[in-house]
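A.B. asks: Residue numbers (full-length UniProt numbering), protein chains in the order written: chain A, 1 to 137; chain B, 1 to 137; chain C, 1 to 137.
By construction, these hints were calculated from the structure, which means they are not laboratory data. Hints are not guaranteed to be accurate.
What the hints assert, rightly or not - Where chain B lies over chain C, by a calculated footprint (3+ residues, C-beta under 8 Å):
(1) 28-35
(2) 79-85
(3) 100-111
Every residue gets a Cβ at the ideal spot worked out from N, C-alpha and C, and that includes glycine.
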Amino acid sequence: MDISAEDVLAVHQLYGRQSHAIDSGRAADWAATFTADGEFHSPSYPDPAIGAAELTAFAERFHAGCVDSGEVLRHVVSTVEVIPGGPDTLTSRAYLQIVGTPTGEASRLHRLTTVVDDLVRTPAGWRIDRRVVLRDD
Amino acid sequence: MDISAEDVLAVHQLYGRQSHAIDSGRAADWAATFTADGEFHSPSYPDPAIGAAELTAFAERFHAGCVDSGEVLRHVVSTVEVIPGGPDTLTSRAYLQIVGTPTGEASRLHRLTTVVDDLVRTPAGWRIDRRVVLRDD
Amino acid sequence: MDISAEDVLAVHQLYGRQSHAIDSGRAADWAATFTADGEFHSPSYPDPAIGAAELTAFAERFHAGCVDSGEVLRHVVSTVEVIPGGPDTLTSRAYLQIVGTPTGEASRLHRLTTVVDDLVRTPAGWRIDRRVVLRDD
Numbered sequence: 001m002d003i004s005a006e007d008v009l010a011v012h013q014l015y016g017r018q019s020h021a022i023d024s025g026r027a028a029d030w031a032a033t034f035t036a037d038g039e040f041h042s043p044s045y046p047d048p049a050i051g052a053a054e055l056t057a058f059a060e061r062f063h064a065g066c067v068d069s070g071e072v073l074r075h076v077v078s079t080v081e082v083i084p085g086g087p088d089t090l091t092s093r094a095y096l097q098i099v100g101t102p103t104g105e106a107s108r109l110h111r112l113t114t115v116v117d118d119l120v121r122t123p124a125g126w127r128i129d130r131r132v133v134l135r136d137d
Numbered sequence: 001m002d003i004s005a006e007d008v009l010a011v012h013q014l015y016g017r018q019s020h021a022i023d024s025g026r027a028a029d030w031a032a033t034f035t036a037d038g039e040f041h042s043p044s045y046p047d048p049a050i051g052a053a054e055l056t057a058f059a060e061r062f063h064a065g066c067v068d069s070g071e072v073l074r075h076v077v078s079t080v081e082v083i084p085g086g087p088d089t090l091t092s093r094a095y096l097q098i099v100g101t102p103t104g105e106a107s108r109l110h111r112l113t114t115v116v117d118d119l120v121r122t123p124a125g126w127r128i129d130r131r132v133v134l135r136d137d
Numbered sequence: 001m002d003i004s005a006e007d008v009l010a011v012h013q014l015y016g017r018q019s020h021a022i023d024s025g026r027a028a029d030w031a032a033t034f035t036a037d038g039e040f041h042s043p044s045y046p047d048p049a050i051g052a053a054e055l056t057a058f059a060e061r062f063h064a065g066c067v068d069s070g071e072v073l074r075h076v077v078s079t080v081e082v083i084p085g086g087p088d089t090l091t092s093r094a095y096l097q098i099v100g101t102p103t104g105e106a107s108r109l110h111r112l113t114t115v116v117d118d119l120v121r122t123p124a125g126w127r128i129d130r131r132v133v134l135r136d137d
């Protein structure tokens with residue numbers, strides 16, 4: 001590896017923290033996995049979310065949508081590949097499955113997406129500066 | 001990270017070992033991923049399993065149930081977040097998908113659960129002292 | 001752990017790199033996760049692929065099949081257990097889910113498999129010397 005074990009694991013930890021944050025309705029914690037002016041681009045939503053305020057609002061809407069619809073949605077992350085960049089930058093790629101469970105029903109896979117992230121090292125640790133979500137459908 | 005790469009990876013390894021143990025019918029190996037008086041609480045089963053003997057019996061019943069039903073069940077773990085505790089304690093959270101494959105049929109997702117584990121450092125490595133399984137349905 | 005954090009993570013990274021390579025049609029990159037005379041044995045295909053040329057051809061056929069069928073297939077890896085071997089050998093076991101998304105349709109789980117890999121340390125890093133894929137159906 002051309003990248004330290006610490007840096008690879010920091011990305012794994014960031015992904016774990018991020019999914020559990022948004023899926024638990026902790027919107028500010030989710031936004032904090034991005035840089036202060038971080039960008040989130042996904043074809044699943046009409047507009048990108050850029051900067052902490054928009055990212056937080058995005059995560060709040062996501063969780064409110066789950067509560068309203070009676071379906072629990074989970075961001076299941078796997079198959080992480082961390083690619084070295086400069087000393088303070090990384091690129092990472094992972095599969096993100098959206099799995100939903102309507103109350104009282106079986107769980108089902110909604111979609112398989114790939115996240116492609118540009119990360120930067122900050123005083124608080126690695127943060128996502130730009131995420132692009134790619135859908136398979 | 002406020003937690004060492006070694007400690008985070010030990011949890012990933014524990015989860016890998018644990019799933020492959022129960023899914024392969026190695027019940028004592030599964031029980032050994034818990035402390036000697038470890039606790040397993042899940043709404044999928046009527047009673048918790050507490051202590052090595054009950055944990056082993058639980059894993060034996062699980063695997064015997066698969067054999068009897070002709071459906072292979074797998075514990076698919078992902079999206080791990082390891083949260084620092086004291087010097088010899090950790091909390092960990094992960095998604096656990098139960099995927100089943102009846103003989104000759106397609107695989108299907110049975111349920112998406114979250115495991116929330118309290119871990120303690122033992123002379124033999126990190127062990128689960130208390131697991132609580134949360135179901136989305 | 002009896003195995004270093006670096007070695008465990010090298011396997012996680014290898015798996016991430018491998019899946020994204022074959023799923024993106026980078027056949028030679030996929031083959032390069034094996035040793036030069038590496039072996040791939042899977043009951044999903046009539047013959048094993050042995051050596052770089054056959055491995056590359058296998059990955060090319062896989063991706064061409066996706067393009068022809070209009071269904072994107074993904075190799076979703078999780079639940080990795082890295083088992084120490086000798087100083088320059090490892091065994092690893094993981095769940096590999098094949099998830100497909102036909103154009104314009106929902107994603108679906110095709111099959112749950114277990115990969116069992118013998119790995120060797122090479123000057124270029126850990127490589128798969130022999131992979132056996134086990135199917136649940």
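A.B. asks: Confirm or reject the coverage of the region 79-85 of chain C by chain B under the rule of 3 or more residues with a beta carbon closer than 8 Å to the chain's beta carbons.
C.D. replies: With 4 residues close enough to chain B, the hint holds.
A.B. asks: Confirm or reject the coverage of the region 100-111 of chain C by chain B under the rule of 3 or more residues with a beta carbon closer than 8 Å to the chain's beta carbons.
C.D. replies: holds (count 3)
A.B. asks: Quick check: do three or more residues in the region 28-35 of chain C have a beta carbon closer than 8 Å to a beta carbon of chain B?
C.D. replies: violated (count 0)
Violation of the numbered hints given earlier is confined to hint 1; every other hint is satisfied by the structure.
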